[in-house]
Amino acid sequence: MTTKTQKSQLSSAASNEVIIEISKMNKWYGDFHVLKDINLNVHQGERIVVCGPSGSGKSTLIRCINALEEHQEGEIIVDGILLGKNLKNLSHIRTEVGMVFQNFNLFPHLTILENLTLGPIWVRKMGKAEAKETAMKYLERVKIPEQADKYPGQISGGQQQRVAIARSLCMNPKIMLFDEPTSALDPEMIKEVLDVMVDLAETGMTMIVVTHEMGFAKTIADEVIFMDEGDIVERNNPHDFFGKPEHERTKQFLSQIL
Amino acid sequence: MAIVTAQKTPDRQPPLSETSIIGWMQKNLFSSITNTILTVITLYIVYLTVKGIYIWGFADATFVAENRRECYNNSLTGACWAGVIDWMDNIMYGRYPRDELWRINAGGILVVLWMAPLWMSKVKGKIFIGISVVMLYPFLAGYLFSGGSKGLFMQVMVSGAIVAFIANMLNMIIGLTKNQSLVQFLLRIFNQNNASDKTQRNVILGIMIISFLAIFLWQISFNLEKVGWTQWGGLFLTLVIAGVGIAASMPLGVILALGRRSRLPVVRVLSTSFIEIFRSVPLITVLFMATTMFPLFMPDGFVLNKLVQVIIAVILFNACYMAENVRAGLQAIPKGQFEGAHTIGLGYWGTMGLIVMPQALKHMIPNIVGNFIGLLKNSTLVSIIGLFDILLMLRSISRDVPWLGLHREPLIFGAVLFFILCFSMSKYSRHLEKKLSTDNKS
Ligand SMILES: Nc1ncnc2c1ncn2[C@@H]1O[C@H](COP(=O)(O)OP(=O)(O)O)[C@@H](O)[C@H]1O
Ligand SMILES: [Mg+2]
Chain Z
1 MTTKTQKSQL SSAASNEVII EISKMNKWYG DFHVLKDINL NVHQGERIVV
51 CGPSGSGKST LIRCINALEE HQEGEIIVDG ILLGKNLKNL SHIRTEVGMV
101 FQNFNLFPHL TILENLTLGP IWVRKMGKAE AKETAMKYLE RVKIPEQADK
151 YPGQISGGQQ QRVAIARSLC MNPKIMLFDE PTSALDPEMI KEVLDVMVDL
201 AETGMTMIVV THEMGFAKTI ADEVIFMDEG DIVERNNPHD FFGKPEHERT
251 KQFLSQIL
Chain A
1001 MAIVTAQKTP DRQPPLSETS IIGWMQKNLF SSITNTILTV ITLYIVYLTV
1051 KGIYIWGFAD ATFVAENRRE CYNNSLTGAC WAGVIDWMDN IMYGRYPRDE
1101 LWRINAGGIL VVLWMAPLWM SKVKGKIFIG ISVVMLYPFL AGYLFSGGSK
1151 GLFMQVMVSG AIVAFIANML NMIIGLTKNQ SLVQFLLRIF NQNNASDKTQ
1201 RNVILGIMII SFLAIFLWQI SFNLEKVGWT QWGGLFLTLV IAGVGIAASM
1251 PLGVILALGR RSRLPVVRVL STSFIEIFRS VPLITVLFMA TTMFPLFMPD
1301 GFVLNKLVQV IIAVILFNAC YMAENVRAGL QAIPKGQFEG AHTIGLGYWG
1351 TMGLIVMPQA LKHMIPNIVG NFIGLLKNST LVSIIGLFDI LLMLRSISRD
1401 VPWLGLHREP LIFGAVLFFI LCFSMSKYSR HLEKKLSTDN KS
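From first to last, the protein sequence lines are chains Z and A.
Going by our numbering, the residue at position 105 of the first sequence is 105; the numbering climbs one at a time, nothing skipped.
To convert a position in the second sequence, counted from 1, into our numbering, add 1000.
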C-alpha cells in the first residue's frame, strides 16, 4: 500500500520571485537572545521544512514572519511589505500569511463552518453565501465536509487540525506557516493531516513547516533548515541534508530523531 | 513466564457501603463512639430548633387579625403574621397606586418572557436576545413604571422595545416549533431565502421598519398615568435598583476591564484607579457621596431626583466589581484564541467582539449571578438614605397604629424572602458553573 507521505519527492514549484526576505534579523525576549542574525530568502512556491531541538527558536522565527511577534533588529519583508509597527501593513500581512498551530486554536464556541467563514465575512467582507461556498470547497479538500455543523470539541484532533488548515486556506493566503502541526496528535491521526499538507504542497503553495516528521520532509521539502540556539546552522536540499549532514550539531540531532 | 488471563473479568457491583444509605450513614455518622455521640447531640439540637420554629411560626401563629391585640388574644406564644399579610402590598410595591399595580406585574412578566428563550437550546439568536433585553427592556419597563407623557426619545425607545419583544416571542415560537430563526422564517415566507445577502438584508430591514412605524403610530395614542418615583417602594424598588445596577454595570464593566488591559498608559491608569477607588470604599459611603456631592457638580437649577442619584451610584460601584469579573473571564481565554483570531486577520475589536467576549461571557455568568446576589442584599442600604425599599417598608409596619411594635415578624419574613431569592440564585449559579465546566469544549 502506498500512501502519499511515502511517495517519492514532489517536483519543486519554486519560482524566481522572492516572497519572504529576512536579513540580519535579531530577536530578544527580555535579555534572552532567541534569534541571532537570521538570513533567509524564500521563493514563491518554495517549501521549507524547519527542524531543530526544542527551544531553538523555530516557533519564534515563523511567528515573526506573520507578525505575531515583533523582532527588534534587521528586516523582514513579506510579499513586498516591510514588517514594522505600521498597523495597516500588519493587517495586510495577517491575511496574506496563513498559520496552523500545534494546538489548532479553533474557536470552540463556533461551528466548523462558522470557524471557516468568520475571516472571509468579517475581514474579506465577502457575502455570506459566497463565504459558505468557499468554506465547503476547502472542507472538501481536507475531506471532512460532513462535519461542517459540528463544534470543534466534537471532532477528533486530526479532524480539528484539518479544519484549522482549511480555515487558513479560506483567507486565500499566499504563504502558509505550520508550527509542529502534528505534534499534539495521536499517532493514528498524524497521517491524515500530513496527507492534506502534501496535497496542499502539490498545488504550489509557499510553505514553511516546522516539523520532526522526516518522511514528510523528504517528500515535500525543497530545502531543510536546521536551527539550534537561535542560529540557522545548516540549510540544504533534503537529499543531502539527510544523506550527508555537514555540521556536527546537525549530525547529532539527526541521530537522535531518526 | 507469561501471565495470561483466560477470560475477560466481568464487572461487579461495588460493596454495599459505597452505595446504600445505611452504608453511607455507618461510614459518615456512626463510625466511632465520639462520632455517634456528636451525631446524636446534633440531631437533638436540630430537633429542638425545628420544633420551636414550627410551634411559633405555624402551630400557634395567627394569620388573620385586624390588629396586634387580636393576635395576642388568639395566642401569646405564636407569631403574628397577620401584620405582614396586611402589609403585603406595601412590602412588595411600596406606595404605588393600587389601581396601577398591574404595570409592575406586567413589567415583571415581560422580563421573564423576554429572557426565557435564553434557556431554550432550540431557539436561535441568543446574542440578540441578550443585547435587546439589556438595551431596550429598561426603557419599556421604565415607561411602564413611571408613565406620564413620553418625549420623542422615549417614544422611539418604547416602540423599539415593543418591536424587539414581539420579534423575540415570535422567534421563540418559531424556534420551538420549526427549529428556525425568525429571520430564516420571514425570508422563506417572502420567498427570498436564496436571494443575495443584500436583498435579504433589505427585506429584513424593511420588515423591521414597517413594524416599527406601525407600533410607533399605535403607541402615540395612549399614555399611562404618571406615577412619581417617590411612590415606588418595597421589593419592587429593591429589584429595580439591583436590576438596573446589574444591567447597566455590565457594559460599563466590560469597558473598564478592557481599559485596564489597554496598551495606552493613560487609559490603563484611569481605569485602574477608578476600579480600585470604588472597590475600596463601602457602598454606603458611595451612596452618601452621591446624594450629597452630585448636586454640587450639577449646573444650577438642575435637580436630579434621589432615585437617579442612587442608581448612578450603584451602577458605578457595581461596574468596578463587574470589571473584575470580566477581567477574570478574559484571563480564562487561552492565548491561542487571540493568535487564531490574529491569523485570520481580525483586529482588536473583531477579536474581542467575535472570539474573546462570547467565550469569556460564559465563564463570567456564575460570577455575574453572584454579583447580583451581593447587589440585591447591598441595595437594602438605600433605606438608610430614605428610599422606601423593602427593608424600610418592613420596619415601618411597627410604626403603623394597628401593628404598633411588631418588629420581629416583618424582619423574619424579609430574611426568609431574601434567603429564598439569594439561595436559589446561588444554587443556580453553582449548577451553571458545573455545567459550563463539563461542556468546556476546548
Ligand atoms: N513569550 C516568551 N517570552 C520569553 N521567552 C520565550 C517566549 N516564547 C519563547 N521563549 C523562549 O524562546 C526560546 C525559543 O522558543 P521557541 O521559538 O518556542 O522554540 P522552539 O519552537 O524551537 O521549540 C525558548 O527558550 C523559549 O523558552
Ligand atoms: Mg515550538
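Bear in mind the hints are in silico, worked out from the structure with no lab data behind them.
Cβ coordinates follow ideal geometry from the N, Cα and C atoms, glycine included.
There may be inaccurate statements among the hints.
[Said to hold, decoys possible] Pair ranges (Cβ atoms, derived):
1. A:G1353 <-> Z:G84: 48 to 56 Å
2. Z:S183 <-> A:L1417: 56 to 64 Å
3. A:W1119 <-> Z:G84: 31 to 39 Å
4. Z:K88 <-> A:G1353: 44 to 52 Å
[As the list claims (entries may be wrong)] Residues of chain A clear of chain Z, computed beta-carbon distances all greater than 10 Å:
5. M1120
6. L1307
7. L1346
8. I1355
Verification of the hints:
no., hint, verdict
1, A:G1353 <-> Z:G84: 48 to 56 Å, "27 Å, violated"
2, Z:S183 <-> A:L1417: 56 to 64 Å, "57 Å, holds"
3, A:W1119 <-> Z:G84: 31 to 39 Å, "49 Å, violated"
4, Z:K88 <-> A:G1353: 44 to 52 Å, "20 Å, violated"
5, M1120, "18 Å, holds"
6, L1307, "39 Å, holds"
7, L1346, "6 Å, violated"
8, I1355, "6 Å, violated"
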